Amino acid sequence: MNYKMFRRHRHIHQTCVNCIQVCNMVLKYILLVAINVICITAVCEKDYHQTIEWVGGPFEWSDKSVQSLFKSTGRYTNKNIIGLKAQCYGDWAYVAMPRLRSGNPVTLAQVSLKPTGTDAILKPFPCWISQEEQNCQALQSVVDVYVDVQGVLWALDVGVCNVLEKTPVRHCPPKVVAYSLKTGKLLKTIDLSGLVSQGSRLQYIACEYPKDQKPIIYVSDGATRSILVYDVLGNKGYRVVLPQAVSQGCTKRDVLYISLVRKGCGNNYIIFTYLGGKRMFSIRTDYLRSGSANGRIVDLGVKKDRLVMLGTDLGSAAFFRYEGSPEIYRWDTNTCFKPENFLVVYKSDPCFLVTQVMADVKHQQMRVLESNFGDYVQHTVGCGATQQINVMSGKA
Numbered sequence: 001m002n003y004k005m006f007r008r009h010r011h012i013h014q015t016c017v018n019c020i021q022v023c024n025m026v027l028k029y030i031l032l033v034a035i036n037v038i039c040i041t042a043v044c045e046k047d048y049h050q051t052i053e054w055v056g057g058p059f060e061w062s063d064k065s066v067q068s069l070f071k072s073t074g075r076y077t078n079k080n081i082i083g084l085k086a087q088c089y090g091d092w093a094y095v096a097m098p099r100l101r102s103g104n105p106v107t108l109a110q111v112s113l114k115p116t117g118t119d120a121i122l123k124p125f126p127c128w129i130s131q132e133e134q135n136c137q138a139l140q141s142v143v144d145v146y147v148d149v150q151g152v153l154w155a156l157d158v159g160v161c162n163v164l165e166k167t168p169v170r171h172c173p174p175k176v177v178a179y180s181l182k183t184g185k186l187l188k189t190i191d192l193s194g195l196v197s198q199g200s201r202l203q204y205i206a207c208e209y210p211k212d213q214k215p216i217i218y219v220s221d222g223a224t225r226s227i228l229v230y231d232v233l234g235n236k237g238y239r240v241v242l243p244q245a246v247s248q249g250c251t252k253r254d255v256l257y258i259s260l261v262r263k264g265c266g267n268n269y270i271i272f273t274y275l276g277g278k279r280m281f282s283i284r285t286d287y288l289r290s291g292s293a294n295g296r297i298v299d300l301g302v303k304k305d306r307l308v309m310l311g312t313d314l315g316s317a318a319f320f321r322y323e324g325s326p327e328i329y330r331w332d333t334n335t336c337f338k339p340e341n342f343l344v345v346y347k348s349d350p351c352f353l354v355t356q357v358m359a360d361v362k363h364q365q366m367r368v369l370e371s372n373f374g375d376y377v378q379h380t381v382g383c384g385a386t387q388q389i390n391v392m393s394g395k396a
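Quick note on UniProt numbering: the sequence shown kicks off at 1 and runs consecutively.
It is worth saying that the hints were derived from the structure and are not from the lab.
Once the Cα atoms are required to be at most 30 angstroms apart in a straight line, the calculated BS3-like pairs of lysine-lysine come out as:
no., residue 1, residue 2
1, 263, 214
2, 114, 185
3, 263, 182
So the derived label-pair ranges between C-beta atoms look like this:
no., residue 1, residue 2, range
4, 165, 67, 20 to 30 angstroms
5, 378, 278, 24 to 34 angstroms
6, 180, 382, 37 to 47 angstroms
7, 123, 267, 36 to 46 angstroms
8, 235, 304, 39 to 49 angstroms
Only a predicted model underlies this, so the values are computations on that prediction, with no experimental measurement involved.
Even glycine gets a Cβ: it sits at the ideal position worked out from N, Cα and C.
Assemble the whole structure, with the sequences as input and the hints as a guide.
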């Protein structure tokens, strides 16, 4: 081998060595990035399993002077504020905070599901202007929320404030307000005044998209023993009156729970019962949409005690607890309504009660909203009611 050939082979060899070194460096970098991504993902997933907690209503104020003004004028009293219903979408929970007592400046708020190491901060949703009391273009008292499959939040605003005080105040007619959670924009406001009576008590809301993909909303009216059905795109609605047997054993001011479930047979059902009712019932939603419940309600069985319905997994599973009890039960509605089909999936700490079970689709888990609601009702919460969003066992 002559000198030129030797130099050429040596150059090729050195080039290969350099390539190998570069490749090794690239592989190490890729591996390091992958490890970091895995670690970051693990940390994030761990974060989303932590407790979100706040006391009263720690809102995100535009300025401290505004907060001081609200306090001095009696429009902000921290101990009078509590969140009772919620729904998850993305990295946020949207919380209904009914104006049960005076001094609540926000009735619909959003809170981040990612812990910060301190108490959570609530942001008025969609903004402060939408929370103005006595303005019928704004929200007055949101008692329930529902997020549908299209990412639309439906808020049930009863229009009545201070119901736990001596003199409740009706500021505006009841309505349902729809917001896009993708844009935060108002999509529609539905005036329900033509579907209710003076004594109506609207309590729960659900929304489905039947095969024609038109949104239909359902609202329970505990006072009139009925479910309101509203065709959103058709701008029309009606009341479906339930049989008297549904309210057997109830008081005049009882709660009518409804939950939308999707069974394996492909049909959607509304599961419903009164708090003080003796039995659990269901009806297919296509029957409700036909405008009549006669002969189409199914008696699912006897309840062993007063039962509080808490939500679903967006499928066939419904969650409930017995009144005053900390244990949360999961019931697959494809099975019979019997105790042997009820599975305990969560238990609250002493003094806490769950008021909502909700699916967190993004993080594939179930969550609960709980608080010392009993203390709040008795007006013994001190600085304010403690509210928590916790992760429940099982996947959404």
